[in-house]
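Once you've looked at the hints, dock chain B against the given chain A.
Here the protein sequences line up with chains A and B, keeping their order.
The letter at position 366 of the first sequence is residue 365 when you use numbering that gives the first Met the number 0, and the numbering goes up by one with no holes.
The letter at position 203 of the second sequence is residue 202 when you use numbering that gives the first Met the number 0, and the numbering goes up by one with no holes.
Warning: the hint list may mix true and false statements.
Stated by the list, open to error - 16 Å max Cα-Cα, derived EDC-like pairs, lysine to aspartate or glutamate:
1) A:Lys65 - A:Asp47
2) B:Lys432 - B:Asp413
3) B:Lys310 - B:Glu443
4) B:Lys55 - A:Glu111
5) B:Lys27 - A:Glu49
6) B:Lys433 - B:Glu296
7) A:Lys118 - B:Glu396
8) A:Lys372 - A:Asp350
9) A:Lys8 - A:Glu230
10) A:Lys187 - A:Asp162
11) B:Lys432 - B:Asp273
12) A:Lys209 - A:Glu189
13) A:Lys182 - A:Glu201
14) B:Lys287 - B:Glu315
15) A:Lys372 - A:Glu323
16) A:Lys339 - A:Asp361
17) B:Lys185 - B:Glu109
18) A:Lys118 - A:Glu225
19) B:Lys442 - B:Glu396
20) A:Lys118 - B:Glu53
21) A:Lys282 - B:Asp97
22) B:Lys333 - B:Glu296
23) A:Lys372 - B:Glu317
24) A:Lys65 - A:Glu99
25) B:Lys253 - B:Glu437
26) A:Lys372 - B:Glu296
27) A:Lys372 - B:Asp97
28) B:Lys55 - A:Asp350
29) B:Lys328 - A:Asp305
30) B:Lys311 - B:Glu280
Everything labelled a hint here was simulated from the structure, so no lab data went into it.
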Amino acid sequence: MKIQILQEKLKKGLNIIERISSKSLTLPILNNILISSEKNFLKLTATDLEIGINWWVLAKIEKEGKITIPSRLFSNFINLLPNKKINLEVQNNNLILTCENYKTQINGLPAEEFPLIPKITESENIYFEAPSFCRGLSQLVDIAVLSTARPEISGIYFLFQKDFITVAATDSFRLGETKIPFKNSSLKKEYSLILPQKTIKEIINIFGEKTGEIKMFFSPNQVMFEYPMEETPHPQTQIISRLIEGEYPNYQEIIPKKFTTQLILNRTEFLNQVKTASLFSGKINEVKIKISPTEKKALIFSRSPDLGEYQSSIPGKIKGEPVEISFNHRFLLDGLSNIKSSEVILELNGDSGPGVVKPVGDDSYIYVVMPIKAS
Amino acid sequence: MNNEELWQSVLAQIQLNISQANFATWFKNTEIGLKKEGKIAVLVPNSFVKEWLENKYNKNILKILHSLDEEIKEVEYMVGKGKSIIPKTIPVIFPETDQLEFQEFKVDKETNLNPRYTFDSFVVGPFNELPHAAAIAVSKKPGVVYNPLFIYGGVGLGKTHLLQAIGNEIVKTFKKKKIRYVSSEKFTSEVVSSIRNQKTEIFKSKYRTIDVLIIDDVQFLAGREKTQEEFFNLFNVLYEKNKQIVISSDRPPKSIQSLAERLRSRFEGGMIADIGVPDFETRMAILKTKAQEKKVEFPEEIYQYIATIIKKNIRELEGALNRLIVYQKLNNQKPDLEIIKTLFKNLLSGPIKIITPKKIIQVVADFYDLKEKDLFLSSRKKEIVRPRQIAMYLLREELKNSFPFIGRKFNGKDHTTAIYSYKKIIKELEKDKKLEEEINLIKEQVFTN
Numbered sequence: 000m001k002i003q004i005l006q007e008k009l010k011k012g013l014n015i016i017e018r019i020s021s022k023s024l025t026l027p028i029l030n031n032i033l034i035s036s037e038k039n040f041l042k043l044t045a046t047d048l049e050i051g052i053n054w055w056v057l058a059k060i061e062k063e064g065k066i067t068i069p070s071r072l073f074s075n076f077i078n079l080l081p082n083k084k085i086n087l088e089v090q091n092n093n094l095i096l097t098c099e100n101y102k103t104q105i106n107g108l109p110a111e112e113f114p115l116i117p118k119i120t121e122s123e124n125i126y127f128e129a130p131s132f133c134r135g136l137s138q139l140v141d142i143a144v145l146s147t148a149r150p151e152i153s154g155i156y157f158l159f160q161k162d163f164i165t166v167a168a169t170d171s172f173r174l175g176e177t178k179i180p181f182k183n184s185s186l187k188k189e190y191s192l193i194l195p196q197k198t199i200k201e202i203i204n205i206f207g208e209k210t211g212e213i214k215m216f217f218s219p220n221q222v223m224f225e226y227p228m229e230e231t232p233h234p235q236t237q238i239i240s241r242l243i244e245g246e247y248p249n250y251q252e253i254i255p256k257k258f259t260t261q262l263i264l265n266r267t268e269f270l271n272q273v274k275t276a277s278l279f280s281g282k283i284n285e286v287k288i289k290i291s292p293t294e295k296k297a298l299i300f301s302r303s304p305d306l307g308e309y310q311s312s313i314p315g316k317i318k319g320e321p322v323e324i325s326f327n328h329r330f331l332l333d334g335l336s337n338i339k340s341s342e343v344i345l346e347l348n349g350d351s352g353p354g355v356v357k358p359v360g361d362d363s364y365i366y367v368v369m370p371i372k373a374s
Numbered sequence: 000m001n002n003e004e005l006w007q008s009v010l011a012q013i014q015l016n017i018s019q020a021n022f023a024t025w026f027k028n029t030e031i032g033l034k035k036e037g038k039i040a041v042l043v044p045n046s047f048v049k050e051w052l053e054n055k056y057n058k059n060i061l062k063i064l065h066s067l068d069e070e071i072k073e074v075e076y077m078v079g080k081g082k083s084i085i086p087k088t089i090p091v092i093f094p095e096t097d098q099l100e101f102q103e104f105k106v107d108k109e110t111n112l113n114p115r116y117t118f119d120s121f122v123v124g125p126f127n128e129l130p131h132a133a134a135i136a137v138s139k140k141p142g143v144v145y146n147p148l149f150i151y152g153g154v155g156l157g158k159t160h161l162l163q164a165i166g167n168e169i170v171k172t173f174k175k176k177k178i179r180y181v182s183s184e185k186f187t188s189e190v191v192s193s194i195r196n197q198k199t200e201i202f203k204s205k206y207r208t209i210d211v212l213i214i215d216d217v218q219f220l221a222g223r224e225k226t227q228e229e230f231f232n233l234f235n236v237l238y239e240k241n242k243q244i245v246i247s248s249d250r251p252p253k254s255i256q257s258l259a260e261r262l263r264s265r266f267e268g269g270m271i272a273d274i275g276v277p278d279f280e281t282r283m284a285i286l287k288t289k290a291q292e293k294k295v296e297f298p299e300e301i302y303q304y305i306a307t308i309i310k311k312n313i314r315e316l317e318g319a320l321n322r323l324i325v326y327q328k329l330n331n332q333k334p335d336l337e338i339i340k341t342l343f344k345n346l347l348s349g350p351i352k353i354i355t356p357k358k359i360i361q362v363v364a365d366f367y368d369l370k371e372k373d374l375f376l377s378s379r380k381k382e383i384v385r386p387r388q389i390a391m392y393l394l395r396e397e398l399k400n401s402f403p404f405i406g407r408k409f410n411g412k413d414h415t416t417a418i419y420s421y422k423k424i425i426k427e428l429e430k431d432k433k434l435e436e437e438i439n440l441i442k443e444q445v446f447t448n
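Isolated chain A (complex conformation) (with noise of 0.2 Å):
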């Protein structure tokens, strides 16, 4: 292999597909990403078996080959090259990089030995605008938790419908839901499945800053999301995911219908006030809301025994019963940061009833949390 490359492009693909190789005692060679000329272009691979990326970019190829190396030192050490030509060459499983004044060898393993990555075919896809479907995604990937025990709640539900896609994730003490459009999709019928959250972080980490559109296609046991290139109709990123097997709960049925107390409060100050109150929340997090309809207003607290109490109080449209309830801030807080509108709407069914937080005029998210018993 015999390859020329400016520095700086092979830093941007080294960034987006470094992150996912990893140390495996079992498969050494996972430490290591593929390094490979396809025609004009040279393609990086890395893969952990759950997830495969791979990543093209023009270069200018003089002799084909491919060899693989250490992903964090090859990282590493291109990040610190001048933005300069950079030639590669392979010899006798040896990496030799030569840029202006540097020249180094690096040590690699034949590529023969590399994991091949799995191929999906012409099939079924559909296409997102990039930023809508990770800001969708980014609303939702810090709720899911792993968990041996309920393999199917660890990941992140899809459910692909005729005009949008709903998007679930829930760690069993809340459950946020949103809707995503999308532009084109050539689906014949609804279909649901779970992906890892590993995934989604990838996605939400490499094409968050993208402007383009994303292609997914669909196979029986893993889906494949794709990036064009800029320059011509080749990919240019492809993140092949398996699919997590199971049914996922019937969540719907969480999602009360009714509520016992309603507030429409200001988000910011609202925002503000848990957060202040989450300074004094102690050990176990408990935030204290008292709602009182006939003040129409609601009271927040909360109560350390090592740092001392903290009160305040928010106006707000207020209907329904009073009530007393708690809360962990966190989970609380991890729902109010989602939402943009300038008020948000919070539904609750008394005080060990599931709560609702959702944004005034948007019915696109929705966030259930369960509050902490009254103690």
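Chain B alone, transformed into the frame defined by chain A:
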């Protein structure tokens, strides 16, 4: 050679030719799924393994398979239901709090069982030895011994726990059995909605394919005739097919009023076991087990104190423990005995329960499914006379009302009638164990509500 042995010998030979790391990565959780006309389908856990085996080891595998069985000409790789890679669990550090969860997620959709309830977490004492032993026997040989198993006992003593444990145990040992846990209220509403939507056939076929039916709180079927009829038919169908039926109730079948006779006799046909009130030692054991589950520890004297003041309800024991935990969280110190005493002061003296004659009469009437005014009729029907006598007995026994007062209360009856009733019940109590249980249940309701 069966598929499993065949694959084992393939694995045995393959591992000689490749590195240990490769072997562990690519052959873990693989198996032969199907063997048909010289074609073998190998199930692999994910697409990476599929690609790898197809492209790198296919020749080797086929060669070995062919040498073992000449008929084999082709190998195919499929991503199957093999165990996929389980993500490493990052332990979420939640301080023990009373953070509530979505209950729906804990319950298994198919069986309706909550996996939290197991035999391991069930504390056995003299008061529940018999039902526990019966439950274990049933879960080992569903449908064979003790069918139906009828478990009864007061509130918060672990009936539901035992029933669910039977279900969970059977799920574990007999993977193929279809199990359904349902409360009698849920059952009733399913019957009602199936009738309303004209889907009785679907309803019937759904329940008739079950291998183990567990019905909780069957006393709520009382007075619902259509549901009882459905249940009776279902019971017969399942019973004839030797399917296990487990039932719980807060009282023995004899004492459930408005229960069709034929259903009652069916209930009595298997094994009836009652859960009594836990003794002091068992209460201590329960507290310690629960504390262990919640990963907390308190001094012995505190357990003793709680076990002394809470006697009749295991759920309350757990509640008391939770209170201690919350106290500890909030104040960052272990409560001592003095603090405990103030914490549970209201439990001890309690909000003094005022028990009135009216309350007793109301509970008795409810218990026997009568209207309050029925008790005041001068009827001599057996189903009214007995409850009336029990009510009079309770007024005397619990409230120490005078006999003339009791007589007057019941529509101006003579005080001698009251004396006669009181004595009659006392006499019957000596020989009739069932009556004693009934009266205990009534008392429990009088004192708890």
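Outcome of the hint check:
1. Taking the CA atoms of lysine 65 of chain A and aspartate 47 of chain A, the gap is about 19 Å. The hint is violated against a cut of 16 Å.
2. Of the pairs offered as hints, the one joining lysine 432 of chain B and aspartate 413 of chain B is violated, with about 29 Å between alpha carbons and a cut-off of 16 Å exceeded.
3. The straight-line distance between the Cα atoms of lysine 310 of chain B and glutamate 443 of chain B is roughly 12 Å, inside the 16 Å bound, and the hint therefore holds.
4. For a cut-off of 16 Å, the pair hint linking lysine 55 of chain B to glutamate 111 of chain A stands: about 9 Å separates their Cα positions.
5. A threshold of 16 Å between alpha carbons decides the hint, and for lysine 27 of chain B with glutamate 49 of chain A the separation of about 15 Å falls inside it, so the pair holds.
6. Taking the CA atoms of lysine 433 of chain B and glutamate 296 of chain B, the gap is about 41 Å. The hint is violated against a cut of 16 Å.
7. A threshold of 16 Å between alpha carbons decides the hint, and for lysine 118 of chain A with glutamate 396 of chain B the separation of about 82 Å lies outside it, so the pair is violated.
8. Of the supplied pair hints, the one linking lysine 372 of chain A and aspartate 350 of chain A holds, its CA atoms being roughly 7 Å apart against a limit of 16 Å.
9. About 13 Å separates the Cα atoms of lysine 8 of chain A and glutamate 230 of chain A, which keeps this hinted pair within 16 Å; it holds.
10. A distance of roughly 12 Å separates the Cα atoms of lysine 187 of chain A and aspartate 162 of chain A; the hinted pair therefore holds under the 16 Å criterion.
11. A hinted pair counts as satisfied when its Cα atoms are at most 16 Å apart, and lysine 432 of chain B with aspartate 273 of chain B qualifies at roughly 12 Å.
12. Under the criterion of a C-alpha separation no larger than 16 Å, the hint pairing lysine 209 of chain A with glutamate 189 of chain A is inconsistent with the structure, at around 27 Å.
13. Between lysine 182 of chain A and glutamate 201 of chain A the CA atoms are separated by roughly 22 Å; this puts the pair beyond 16 Å, and the hint is violated.
14. Proximity of lysine 287 of chain B to glutamate 315 of chain B is assessed by CA-CA distance (about 14 Å); at most 16 Å being required, the pair is judged to hold.
15. Between lysine 372 of chain A and glutamate 323 of chain A the CA atoms are separated by roughly 11 Å; this keeps the pair inside 16 Å, and the hint holds.
16. Only pairs whose Cα atoms come within 16 Å are accepted, and lysine 339 of chain A paired with aspartate 361 of chain A is accepted, the gap being roughly 10 Å.
17. For the hint pairing lysine 185 of chain B with glutamate 109 of chain B, the CA-to-CA distance comes to about 15 Å; that is within 16 Å, so the pair holds.
18. Taken as a hint, the lysine 118 of chain A and glutamate 225 of chain A pair is honoured in the structure, with Cα atoms around 12 Å apart against an allowance of 16 Å.
19. With a C-alpha separation of about 11 Å, the suggested pairing of lysine 442 of chain B with glutamate 396 of chain B holds against the 16 Å cut-off.
20. For the proposed pair lysine 118 of chain A and glutamate 53 of chain B, the alpha carbon gap of about 13 Å is at most 16 Å, so the pair holds.
21. Between the alpha carbons of lysine 282 of chain A and aspartate 97 of chain B the distance comes to roughly 13 Å, so the proposed pair stays at or under 16 Å and holds.
22. At most 16 Å may separate the alpha-carbon atoms for a hinted pair to count; lysine 333 of chain B and glutamate 296 of chain B meet this at roughly 9 Å.
23. Proposed proximity of lysine 372 of chain A and glutamate 317 of chain B is supported: the alpha carbons are some 15 Å apart, at most 16 Å.
24. Our distance criterion of 16 Å between C-alpha atoms is broken by lysine 65 of chain A and glutamate 99 of chain A, whose separation comes to about 23 Å.
25. For the proposed pair lysine 253 of chain B and glutamate 437 of chain B, the alpha carbon gap of about 9 Å is at most 16 Å, so the pair holds.
26. Distance restraint check for lysine 372 of chain A and glutamate 296 of chain B: the Cα-Cα separation of roughly 21 Å exceeds the 16 Å cut-off, and the hinted pair is therefore not satisfied.
27. Proximity of lysine 372 of chain A to aspartate 97 of chain B is assessed by CA-CA distance (about 5 Å); at most 16 Å being required, the pair is judged to hold.
28. Simply put, lysine 55 of chain B and aspartate 350 of chain A have alpha-carbon atoms about 60 Å apart, too far for the 16 Å limit, and the pair is violated.
29. As the CA atoms of lysine 328 of chain B and aspartate 305 of chain A are separated by approximately 11 Å, the hinted pair is consistent with the 16 Å bound.
30. At roughly 13 Å between alpha-carbon atoms, lysine 311 of chain B and glutamate 280 of chain B fall within 16 Å of each other, so this suggested pair holds.
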